[in-house]
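S.K.: Below are the chains, spelled out letter by letter.
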Amino acid sequence: MNNDRRPIVTAGPGGPGRGGPMGGRMNAQKPKNLGKTVGRLMTYIGKSRLLVIVLLISVLFTTVFDLAGPWLQGEAINTIHFSEIINDDGSISSIFDFVDFELMLKILAAMAVVYVLNSIINYVMGVLSAKLSQATVFSLRNDLFKKISRLPIKYTDTHRHGDIMSRMTNDVENVSNAISQSLSSLFTCIITLLGAGVLMLGISWQMTLIALVTVPLTVLTSTGLAKLMRRYYVKQQRLLGELNSHIEEMVTGYKTVVSYGKEPEQVEKFTRLSGELKKAGIKAGALGGVMGPCMNIIGNLQYLLIAVFGGVFAIRGAFDVGSIQKLLGYSKKFTRPINQIANLYSQILTALAGAERIFEIMDSAVETDEGDTEIDVESIKGYIEFKDIRFGYNPNEPVLKGLNLSVKPGQKIAIVGATGSGKTTIVNLLTRFYDLDGGSITVDGIDINTIPKSTLRKMIAIVLQDTVLFSDTIERNIKYGRLEATDEEMREAARASKADIFIERLPNGYQTMLTESGSNLSQGQRQLLSISRAVLADPKILILDEATSSVDTRTEMHIQQAMVSLMKNRTSLIIAHRLSTIIDADVIVVLKNGVIAEAGNHEELLARKGEYFKLYNTQYAGIAT
Amino acid sequence: MKKLIKYLKPYWFIAVLSPLLMVGEVTMDLFQPDLMSKIVDEGVIGKNLSLIIETGLLMLLLVVIGGIMGSLCAFTATKAAQSFGNDLRCDVFKRVMSLSIEQTDKFTTGSLVTRLTNDVMMVQEMVAMILRMCIRAPIFFLGGIVFLLKLNTTFSIAVACAMPFLVLALVIILRKATPLFGTVQYKLDKVNSVVQENVTGARVIKAYVREDYENERFYGANSDLKNTTLKVQRLMATLSPIFMIVMNLTIIAIIYFGGLEAQAEAIGPGSIMAAITYATQILMAILMVSNMFQSISRAAASARRILEVLDCEPVIVDGENDTDGVKKENNGDVLISFKDVSFSYPNTTGRPVLHDINLSIKRGQTLAIIGATGSGKTSLVSLIPRFYDVTGGEILFDGIPIKSYKLSELRQRIGFVMQKSELFSDTIAGNIRWGKPDATDAEIVSAANVAQADGFITGFNDGYSTYIAEKGASLSGGQKQRTSIARALVRRPEVIILDDSTSALDLATEARLRVALREELKDTTVIMIAQRIASVQSADLIAVIDNGTIVDCAPHDVLMQRCTAYVDIYNSQMGKGGAENEQ
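Taken in order, these protein sequences are the chains called A and B.
If you count the first sequence from 1, you need to add 4 to reach my numbering.
If you count the second sequence from 1, you need to add 307 to reach my numbering.
Simulated from the structure, these hints should not be mistaken for laboratory data.
It is possible that part of the hints are untrue.
Said to hold, decoys possible - Covered, in the sense of this in silico footprint (three residues per stretch, anywhere, with C-beta under 8 angstroms from a C-beta of chain B), are these stretches of chain A:
id: 1; segment: 78-84
id: 2; segment: 114-124
What the hints assert, rightly or not - Simulated crosslink set (EDC-like; lysine to aspartate or glutamate; CA at most 16 angstroms straight-line):
id: 3; chain 1: A; residue 1: Lys-151; chain 2: B; residue 2: Glu-518
id: 4; chain 1: A; residue 1: Lys-150; chain 2: B; residue 2: Glu-523
id: 5; chain 1: A; residue 1: Lys-283; chain 2: B; residue 2: Asp-394
id: 6; chain 1: B; residue 1: Lys-354; chain 2: A; residue 2: Asp-324
id: 7; chain 1: B; residue 1: Lys-401; chain 2: A; residue 2: Glu-272
id: 8; chain 1: A; residue 1: Lys-150; chain 2: B; residue 2: Asp-519
id: 9; chain 1: B; residue 1: Lys-727; chain 2: A; residue 2: Asp-470
id: 10; chain 1: A; residue 1: Lys-259; chain 2: B; residue 2: Glu-409
id: 11; chain 1: B; residue 1: Lys-401; chain 2: A; residue 2: Glu-267
id: 12; chain 1: B; residue 1: Lys-533; chain 2: A; residue 2: Glu-177
id: 13; chain 1: B; residue 1: Lys-354; chain 2: A; residue 2: Asp-439
id: 14; chain 1: B; residue 1: Lys-310; chain 2: B; residue 2: Glu-620
id: 15; chain 1: A; residue 1: Lys-462; chain 2: B; residue 2: Asp-519
id: 16; chain 1: A; residue 1: Lys-457; chain 2: B; residue 2: Asp-519
id: 17; chain 1: A; residue 1: Lys-259; chain 2: B; residue 2: Asp-696
id: 18; chain 1: A; residue 1: Lys-273; chain 2: B; residue 2: Asp-733
id: 19; chain 1: A; residue 1: Lys-135; chain 2: B; residue 2: Asp-531
id: 20; chain 1: A; residue 1: Lys-51; chain 2: A; residue 2: Asp-161
id: 21; chain 1: A; residue 1: Lys-151; chain 2: B; residue 2: Asp-519
id: 22; chain 1: A; residue 1: Lys-150; chain 2: B; residue 2: Asp-394
id: 23; chain 1: B; residue 1: Lys-743; chain 2: A; residue 2: Glu-269
As the structure is a computational prediction, the values presented were derived from the model and not from experiment.
Backbone N, C-alpha and C define an ideal beta-carbon position, used for all residues, glycine too.
Given the sequences, and given the hints that come with them, work out the whole structure.
M.R.: Now the structure itself:
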C-alpha cells in the first residue's frame with residue numbers, strides 16, 4: 005500500500021541544497037543515456053536474479069487477487085435477488101425477493117481466502133523488495149566506494165568534494181527508493197491497468213468508454229498544472245539554492261561577520277531572500293496543492309458517471325446491480341495507475357539520472373599502476389634521481405620545465421621558492437599522485453613507474469600543510485601510519501614529534517576523540533599529530549611539505565633535533581617558507597620558473613649571492629644591520 | 308512546541324480557514340456514496356430514471372463545490388505554511404546572527420546550517436500537512452461513521468470491531484520502528500562520514516597505502532546500515548498486509564450483515580455498496596494517521612533542533628552603559644590594557660588557557676606577540692573584540708572596560724584579520740567594502756595598496772570587479788590573506804589585529820606590507836601575532852607568551868638581553884646562518 009518512506013537527505017558539504025517541498029514530476033532530471041544506464045543498473049539488480057523473479061511473480065499474484073476483490077464483491081451483492089413487478093400505472097419496478105445465503109457464504113469464503121492469501125503475498129513482497137533494494141544499493145555503494153578510493157588524486161583535486169559526496173548520498177538514495185518502490189509499483193500498475201481494463205470491457209464496453217472519459221481529463225489537467233508549476237518551481241529551487249548558500253557562507257564565516265558588525269545587514273539580506281522564496285513557494289505550492297483536489301474532482305466525476313449511467317443501464321436491464329459495484333471498483337483501479345505511473349515516471353527518471361552520475365564515477369579511469377617490479381621496501385636505500393622532469397597540471401601551463409635533481413641516501417634536501425614555483429608538484433610526482441609529462445624519477449636506480457604504487461608509497465611518508473585527521477581517537481590517528489604499531493612505539497613517535505606534551509595534557513590523553521576533522525586542536529597541534537603519524541610509519545623517505553608552518557620555531561627546532569637520529573640513513577625532503585626550518589639541510593634547492601635556479605648548502609648559497617641570498621635577506625631584513 | 312505555534316499566529320485567519328475548507332471538501336466527498344446508494348436502491352431498483360438523473364446532478368454539484376473548497380484549502384494551507392516558514396527561518400537566522408562565538412563553536416557551523424535549511428523546511432512541511440491532512444483523516448473517520456450509522460447500525464458494529472485490531476497493530480509497529488528510524492539515520496551519517504573523510508583525505512590515505520583498510524572500514528559501516536535498514540523495512544512491511552486483512556474482513560462482514568438486513572428488507576444493495584466505500588474510507592483514515600504520525604515524529608526532531616537554537620540566549624551581550632556615561636580612566640595614550648586577565652574556554656576544565664595577563668598598548672604602537680604552538684596567542688587577541696569574555700580580570704579599551712561598550716561600537720573600532728581568511732562570494736571590491744560600506748573606490752584601492760594586494764588584483768582581467776567564488780576558492784592563500792588585510796584596513800580602525808595573517812605571504816611581500824602599514828597608518832595601533840622573528844623584531848613591543856602567560860614584553864633589543872625564551876626563539880630561527888650574517 006502506501007509506503008511513505010521519504011528519502012533521507014544528507015547534504016554533503018557544498019552539496020546541492022535540499023529540494024523544495026514538492027518532489028514528484030517537477031524535479032525529474034533527465035538521464036542522458038537511458039538505455040545504457042538501465043542496462044547497467046539491471047546487471048546490479050540481476051545479481052539477485054532469483055529475488056527479482058520471485059518478486060515479480062508475487063506482484064502478479066497480488067495484482068490478480070486485487071482485481072478479484074471487486075468482482076467477488078459484485079457477485080456477493082448479486083446474491084440479493086429482486087423480482088420485477090408491474091405497477092398499477094403500467095411502469096415496472098422491482099421489489100426485494102430473497103437473498104441466496106448459500107451462494108453468498110460461498111463467495112464470502114472465497115473472498116476471505118483471496119484476501120488472506122493476498123496479504124501474505126503482500127508481506128512477502130514487501131520484505132523481498134526491501135531485500136532487493138538493500139542488496140542492490142549495498143553492492144552499489146561498496147563498488148562506488150572502492151572506486152572512489154582508487155581514483156587518482158587528480159580526480160579529487162579537480163572535482164568538487166560536495167559533488168562526489170552527493171553522488172554517494174543523494175544519488176544512491178534515489179536509486180534505492182526507485183528499486184524498492186518503483187520497480188514493483190510499476191509492474192503492479194501495468195498489470196492492474198490492463199486487468200481492470202479487460203474486466204471492465206467484459207462487463208460493458210459502453211460503460212468502459214464512459215469511465216474512460218475521465219482519463220484524458222486526468223492527463224490534461226496534470227500535465228497542464230505541471231507545466232504551470234514548473235516555472236515557479238524552478239524559481240523556487242533557484243531561490244532556495246541562493247538562500248542556502250547565503251546561510252552556509254554567513255554561518256561558516258561568522259567570526260568575520262561579527263568582527264565587522266555585519267549581523268544586521270546580513271539579517272536584512274536574508275529576510276529579503278527568504279521573503280522572495282516565500283512568494284515563489286506560495287505560488288508553486290498552491291498550484292501543487294490544487295493538483296490533489298483536481299484529481300479528486302475527476303475521480304468523483306468518474307464515480308458519479310458510473311453511478312448514473314450504470315443506474316440507467318441497469319434499469320434498462322443491460323446488467324445487474326452487482327456490476328455497478330464491479331465497475332466502481334475497477335474504474336478506481338484503472339485511473340489510479342495512470343496517476344501513479346506519471347509519478348513513478350519522474351521518480352524513475354530521477355533515479356536513472358542518479359545512477360548515471362554514479363556510473364560516471366565508476367567509469368572514470370582509476371589510478372594506473374603498471375609497476376610490477378618486486379622490491380623489498382626494507383632494503384631501499386633512498387637514492388632519488390629526478391631527470392629532466394617536465395610536468396604541468398594543464399597542458400598549456402608547464403610547472404616544471406626540465407628539472408634535474410639527485411638526492412643521496414640519508415640526505416636532507418630542502419626545497420624553497422616562491423608560491424607556485426612547483427615545490428609541492430615535486431612531491432606529487434615522487435608519490436605518483438600525478439604522472440610525469442616527460443623525464444623520469446628513479447629510486448635506487450629503479451624507475452618509479454615500474455614500482456607498484458603501494459610499494460612506492462610504503463617507502464615514503466608525507467606530511468602535508470593541510471593536515472588530514474580522522475574523526476577517531478588520537479591513538480588511532482597516529483597509528484594510521486602503522487596499524488600494527490604497539491602503544492610504546494606510538495608514544496615514541498609522539499615524543500619525537502613533540503606532540504606528547506599536549507596530548508598528555510588532554511583529559512583523555514591518547515584516547516581523546518577528534519571532532520569534525522580535528523577542530524578541537526589548534527592548527528599547530530594538528531600538524532604535530534600528522535608528523536607523529538609519519539614518524540610512526542618509519543619510512544625510507546620522509547617528505548615534509550610545509551608541515552611545520554603553524555608550529556612555532558622553537559618546537560620545530562626540537563622536532564628537528566629529535567628527528568636527526570630518527571632520520572639517519574633515511575632521505576628527507578623538506579619544503580618550507582621559513583628558512584629557519586631548512587637552514588641546516590644538506591642541500592638546499594631554490595626553484596624558480598620550473599627549474600632549479602641554484603643548489604647547495606646554506607653557506608655556499610649565501611656566498612653565491614643569488615636567489616637564495618635575496619630570499620634570506622628579505623626574511624632576516626633588519627637583523628644584519 | 309508552543310513557541311513554534313506563535314509563528315502561526317499572524318496567519319491565524321487562513322490557518323483556521325484552511326482546515327474548515329478541508330472539512331467542507333471531505334463532507335462533499337462523504338455524500339457521494341450515500342447518494343450513489345440512493346441511485347441504486349431507489350433509482351435502479353425502483354426503476355426511476357428521473358431520480359437517477361436528479362441525484363446525479365446533485366452529486367455533480369457537490370463534486371464541484373468540494374473541488375473548489377479543496378483548492379482553496381490547498382491555497383490557504385500553503386500560504387499559511389510558507390509564511391510561517393519564512394518568519395521562522397528569518398527568526399532563526401537572526402538568532403544565529405546574535406549568538407556568541409562560543410555558542411556557534413558548540414553547535415558547530417555544519418549543524419547550524421542544517422538547522423536553518425533542512426530542519427526549517429521539515430517543520431514548514433509539517434505545518435502544511437497538519438493544516439490539510441490532520442483534519443482530513445479525522446473527518447473522513449468521523450464522517451464515515453456517521454454515514455454508516457445513518458445507513459444501518461450493524462455496519463458500524465463491524466467497523467467498530469475492526470478498529471481496535473488496527474490501532475493495536477499500528478501502535479506496536481510504530482513503537483518498534485520509531486527508534487529504528489533514528490538508528491538508520493545515525494548509521495547513514497556514519498557511512499557518509501567515512502566517504503567524506505576519504506574524499507577530503509585522499510592524499511593521506513594514498514600516501515599511507517590505506518585503501519584496503521578504508522574499504523574494510525566502509526564495508527563495515529555499509530553492512531551496518533544495510534542490516535538496520537532491512538530491519539525497519541521488514542517491520543514496516545507488516546503494516547500494509549495487516550491493514551488489508553482487517554479491512555477486507557470488515558468488508559466481508561458488511562456484505563454478510565448487509566445480506567441479513569436486506570433479508571429483513573431493512574436496506575437495499577445500494578446501501579451495502581455505500582457501506583463498503585465508507586468502511587474503506589474509515590480504515591484508510593487510520594492508515595493516513597499512521598503515515599502522518601511518522602512524518603510528524605520526524606519533523607518533531609527538527610522542531611526540537613530549531614528550538615535549541617531559538618532558546619539559546621547570546622552569552623556575550625552589549626554593555627548596559629552608554630559609553631558616554633562611563634567615567635574614562637585617565638591613562639594617557641594607552642588604548643588597550645589587560646588587567647590580571649585570565650581565560651578558559653567555556654565548558655572546559657583544567658588549566659586556564661591564559662592567566663595573569665597584564666599588558667598596556669599605546670595608541671600608534673605596534674605590539675607583536677610571539678610564542679609556542681598552543682600557548683594562547685590567538686585566545687589573547689580574541690578577547691579584545693569580545694569573541695570570548697575573560698573569566699577573570701578586565702580589559703580596557705580607550706580607558707573604558709570593553710564590557711561597557713555596545714558590541715557593535717567596540718568592534719567598529721577594531722580591524723581583525725584572522726589566521727584563516729574568510730572571504731565571501733562577491734567581487735574583490737565588494738569584499739573589501741565589507742570593512743566600510745560607504746568606502747569610495749579610491750579608499751579601496753589605497754587599502755589594497757597598503758595590503759600589497761593592488762598588484763595581483765589589477766593583474767586580473769576584471770581587476771577589482773573580479774568575482775570571488777565560494778570561500779575565495781579562486782584565490783591563492785596569500786591573495787586571500789592580503790584581501791582580508793585590505794578589508795580590515797579600509798575602515799581605518801583604531802587598532803588592527805593580525806592573527807598570523809601573513810603566514811602565506813612570501814618574505815619580501817610581508818616586509819613591504821609591514822613598511823606600508825607603518826607609513827600609512829601612523830595612528831593605528833597594530834597587534835600582530837607572528838612566528839618569524841623577522842616579522843616582529845621592528846615592533847615597539849614584543850610580548851613573549853609561554854604557557855598561557857606573558858613572560859616578558861619589551862622591544863627586540865631589550866628582550867635579546869634579558870629574555871631567554873625570546874633568545875631561544877631567535878636562535879632557533881637564525882641558526883648558524885644568523886650569527887654569520889651579523890658580521
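S.K.: Please write out, lowest number first, the hints stated earlier that are contradicted by the structure.
M.R.: 13, 20 and 22
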